[in-house]
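Q: Each chain, letter by letter, is given below.
4 protein chains.
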Amino acid sequence: MASGAALTVPVYRIKGDSESPSVYIQANMHGAEVQGNAVIFQLLEILKDTHIKGNITLVPYANPVGCNHKNGEYTLGRFDPITGVNWNRMYHFDEQLIETFIAEFAGQPDVEIEQVFKQRLLASIDQKLDHNHFGLTTGQRIAYQLQRLAHEADLVLDLHTGPISSKHLYCPEYAQASASYFNIPHTILIPNGFDGALDEATFCPWWTLQEKLQEIGSSFSITSKLVNKESFTVELGSQEQIDLDEAYQDALSILTYLQHKNIVEKPLLKPKKLTRYACYLKNYKAFYSPMGGMVDYLAEFGKPLPAGESLVQILRMDNYGDGDPLHQITLEHEVLPILHFASASVNQGTELYKVFTKYFVM
Amino acid sequence: MASGAALTVPVYRIKGDSESPSVYIQANMHGAEVQGNAVIFQLLEILKDTHIKGNITLVPYANPVGCNHKNGEYTLGRFDPITGVNWNRMYHFDEQLIETFIAEFAGQPDVEIEQVFKQRLLASIDQKLDHNHFGLTTGQRIAYQLQRLAHEADLVLDLHTGPISSKHLYCPEYAQASASYFNIPHTILIPNGFDGALDEATFCPWWTLQEKLQEIGSSFSITSKLVNKESFTVELGSQEQIDLDEAYQDALSILTYLQHKNIVEKPLLKPKKLTRYACYLKNYKAFYSPMGGMVDYLAEFGKPLPAGESLVQILRMDNYGDGDPLHQITLEHEVLPILHFASASVNQGTELYKVFTKYFVM
Amino acid sequence: MASGAALTVPVYRIKGDSESPSVYIQANMHGAEVQGNAVIFQLLEILKDTHIKGNITLVPYANPVGCNHKNGEYTLGRFDPITGVNWNRMYHFDEQLIETFIAEFAGQPDVEIEQVFKQRLLASIDQKLDHNHFGLTTGQRIAYQLQRLAHEADLVLDLHTGPISSKHLYCPEYAQASASYFNIPHTILIPNGFDGALDEATFCPWWTLQEKLQEIGSSFSITSKLVNKESFTVELGSQEQIDLDEAYQDALSILTYLQHKNIVEKPLLKPKKLTRYACYLKNYKAFYSPMGGMVDYLAEFGKPLPAGESLVQILRMDNYGDGDPLHQITLEHEVLPILHFASASVNQGTELYKVFTKYFVM
Amino acid sequence: MASGAALTVPVYRIKGDSESPSVYIQANMHGAEVQGNAVIFQLLEILKDTHIKGNITLVPYANPVGCNHKNGEYTLGRFDPITGVNWNRMYHFDEQLIETFIAEFAGQPDVEIEQVFKQRLLASIDQKLDHNHFGLTTGQRIAYQLQRLAHEADLVLDLHTGPISSKHLYCPEYAQASASYFNIPHTILIPNGFDGALDEATFCPWWTLQEKLQEIGSSFSITSKLVNKESFTVELGSQEQIDLDEAYQDALSILTYLQHKNIVEKPLLKPKKLTRYACYLKNYKAFYSPMGGMVDYLAEFGKPLPAGESLVQILRMDNYGDGDPLHQITLEHEVLPILHFASASVNQGTELYKVFTKYFVM
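Protein chains in written order, with our numbering: chain F, 1 to 362; chain C, 1 to 362; chain B, 1 to 362; chain P, 1 to 362.
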């Protein structure tokens, strides 16, 4: 910090007693997205009485700079206040690493590929942390330190929230089957494209490795029991809120997935029965305000909004008397509303809603 | 504005057709408190079909600088970002004016006192606006221009909201009877003390005038039909939200009061039946956080919280393992929670809740 | 902090070896006003080789919340971002304490009055810190903890800076003679009025005590060698800057004063020869911008600006073509410019300059 | 704006009387970078008495949202406060457009290529502005409207400033010869890579067109008298300042370039004699702080800093007594400092300086 005080991040490590996959769970990379800390608290409480088979690492308050970036009553902390770069867009992925690795290790047994490639990913991060003559940005340093912990694990869960939001899950397309183990009604299926986030930074190298190995005839599979790599961004609802009861439910949802992956043994948890909607990332759309004004957010999350029904109504008192003071905003096709902006007061061009289009039931 | 663009405020004036009192209603003096604009919209819509007997002036977006003071996703706008002064603490009240006036007009008929004193209040504001060699602060200029409009009216309603809040009303002690005409369950009764807000700036001069005249034997009364001066701060609920349906209900609540004051004639509105709690301003207390952490706000608004029950629980993950990670915070006496802070993430000393203590049913 | 991390403040205590007065020096109560930390660094370095006769307590980074209140590239930290209250307006002064004390101790020897009254001031702060059922605000807690350290000392120096500023000194009227020992060309003489700042919070109780004792015939004097109480706010120049060479000069300036007060013995320092201007607080005026626009600050600090010469010129490109795009702003009387606003881009009503009017050479 | 008020941008158009190239000049795309407005003012004043041969379009206050994004005393406005995206990274460039165009127009005369390609660029922007079902972000709408004006011109000057900064120029590598007509001592030579800025958005399409045409044997040249396309980002010094005298000098510098391009005829201006340093973009490096603390910026702009000499010294009072409180930070190779951060108070990882490495005299 500016006063020189070091900001540290608490890391909780729980050792498993068998060969099960290992897990990395972090929360609060964005300053206002605090509910994940409560979920980690409830996970730790439940795990006290649980037989644990795979190593579990948990990191609440992952980004101490973002957590403490308050302005007025609110927490900002979505991006570095100096550079504007989103804290969750500064992780590292070097595609060249994979080319080099394959040149050297193609044809080796899967078990060796898995182990050595993991070491290479860790070494690549270590190099970013250590050998930067001109230094690292604040966000890179934070991101790389967390990414180092994440690369040590097989399964990665990054706990976020939306602004005002339903629960939803970012899931790599290849891991769609796992999405059904979370008690989350909305899943966004993401392709193998790196855009800087932690989930991508941890699954894209493996997915790319698999693609390139399969191109040359290997049967290496990241969904195999041996390799078993998955990463998710879990969106827990709305930001700026802590609810310990809801956090308990979300902890159970995560444990259901971990039990499915054989990391925790009991209690026997089954995923909740609920309609799980999915859409591909390219069909997950933001709607930007066509005008400045005061917004009454009408569309409910998770309830299909028919074409022609009002998504929002926008109040423009400056138009009262000599114009239209109340604008109904509709869309041309049915959508499934997932989240909306946190304030009623918007500029032209503010992202009002994010919605599923061309969605389907999983 | 910095770019030189002038920011103007829309003013709607509706003429009444009789000698009824006049009303001034403004909204959005604090940037994030936008719901009042929707209430003014609904009032204007209803008044189109209503017989209006007293003049009504309505000012939405009263503070264009505050309205446009966004930071990150949120609107700030509680105080001037340069000086830190609350936008609703810059109105003007000059007690000396009253001394001078009484020296001159004591013994005159009430009707003359009412008229001339109102002119003096207006002249006093005009003087502040015009004769300042070294200029006025941004907030003084805005406040004085609004106060000029308010002094022209008999009844003043300043529409605000809390952060996350129940509906409540600031009402001068002498006007307690009027509070029952609003559909608002919580009333704070305020004494004759000027602290800079618009309600005080408009009722304190009249209340002080009455007190000083009565000291010298006059029967001048500001609750008399002839003088009839009242001012309220109406807290409509939570900030950063617009809800047009709720605004319609609040417009009816205000119309019920205006009908009681004989300013609008129909429809015949009756105040809702609900338990109306009140407490004196000195018993309206803020509770400050005893520690930094993540707050789960447990106490419900408007529901008495018994002594010893948790107001909030505070999560301190940094204490997990070697301390107490979850703190239950209780109070020693029963309170009635009215509003709470807008973020879960707080420093030591942040105001968590405001509560009624020693409250009673009106 | 929100993440639960405790923010602590470093306190350096140097013991003197005689009965000389004790000193308290703090810096950086406002977040952007960092140069005082460098001055404390240079003081500590010089004091290593200096014979020290009175106790010296030094507190850099006095306000860790303000220090870390960054927004964008800049540090804010002039007021609590949640409440808007200036961090340097939350100290405590209870005039009633003096009445009670005098009722009990009038007529006692000065030495006892000095000792017991100091204990009462400390006890009053302890009580504020300990017995607040509903808690303390963030700023009160910080202020009271610092004030406790300050009340233990006889002489108090609170190191601040202006926005873009010359060096200047706030000095109580009774201590005017001491102002000449600082190498500071501009002194504001302040009366016995408490407005919440640390200097006032530490000298006003003693000054009031002296006044009330003298009213009843005592010769108790706070400028006597026995009592010897003085407090200053030292404005070191502009905010958002650290300059260690300049800090060394300012450290020498402070040591010159401390040597005059017999707290440090060597080296033999003499105040610099420079014209020292003073004005009374009531004549220290802020000039508020008559319009929004882009400001070219023309008047130099410390150089008398004749009536009619431009203080600033304001560019209004929106008026280019159909108005006056460049406005020269002048004053009707000569002034001495002391500081100006930190940005070129201002709203109507922004404080542009602070100037001495009716100033004189000390 | 949130209150519904429309923010408009002033556009000044001056018609030339011959076939000379046309020019587009804008300022203040980033909120705090206001000096360009003063330069446009001085340009307009000088052009009143100048024979003008090419059309000139000037846009001060180009980004009204950024201009009015104040926080505390300072203007932020480097990026959209909601999304974090840099306002100068939202322009549009569609490489596919060029492929399509060449398929159709390869082999046509240069004059037709120039005219039709310009129309295509404009049409591409119009399409972005008009056909977005889900809307545009605030920044896209602003950027596209400005880009439309810029594509109409041959030469584009985007006036910016650094935080605390020397004057410097971003110049496409192919236009290096033109850099010598500006009175600017430091030039960054940028390759044909689009990163979202206005200069790139206007020269990259033409440069790419030239490259692809030359690949298939055309002699089409964007530096020919017929085509003549150049774009520069002109960095005028430090942000948050207006200086009309300096602006006059910068206006002369720009006029010297415009005269060289035959757009204005008199007065006869010659570029100033000064050492002009240049470096390639890849060698223009940012130095990030290795620690949090208070920074004394030591290195002077434009003066080579030898290897091993202090760039900055960082004060860490928290280390006083039990660590090293003052850290000298040096580099391993000589650099030419160009700009530094605007605040003394930094986090670990804050960009402290930007410097030329491997620079040379032009």
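Careful: at least some of the hints might be erroneous.
One copy or two, it doesn't matter: identical chains are merged, so the pair holds either way.
The calculated lysine-lysine pairs, modelled on DSS-like cross-linking and capped at a C-alpha distance of 25 Å, are [said to hold, decoys possible]:
(1) Lys270 x Lys48
(2) Lys128 x Lys354
(3) Lys128 x Lys285
(4) Lys270 x Lys285
(5) Lys358 x Lys48
(6) Lys282 x Lys212
(7) Lys15 x Lys354
(8) Lys282 x Lys128
(9) Lys266 x Lys48
(10) Lys358 x Lys128
Hints in this document: simulated from the structure, not taken from any laboratory.
Q: For each hint, tell me whether it holds in the structure or not.
A: We went through each hint and held it up to the structure:
no.	hint	in the structure
1	Lys270 x Lys48	within (20 Å within a copy, 58 Å between copies)
2	Lys128 x Lys354	between (35 Å within a copy, 20 Å between copies)
3	Lys128 x Lys285	between (34 Å within a copy, 17 Å between copies)
4	Lys270 x Lys285	neither (32 Å within a copy, 47 Å between copies)
5	Lys358 x Lys48	neither (43 Å within a copy, 44 Å between copies)
6	Lys282 x Lys212	within (24 Å within a copy, 31 Å between copies)
7	Lys15 x Lys354	neither (39 Å within a copy, 45 Å between copies)
8	Lys282 x Lys128	between (31 Å within a copy, 18 Å between copies)
9	Lys266 x Lys48	within (12 Å within a copy, 64 Å between copies)
10	Lys358 x Lys128	between (40 Å within a copy, 23 Å between copies)
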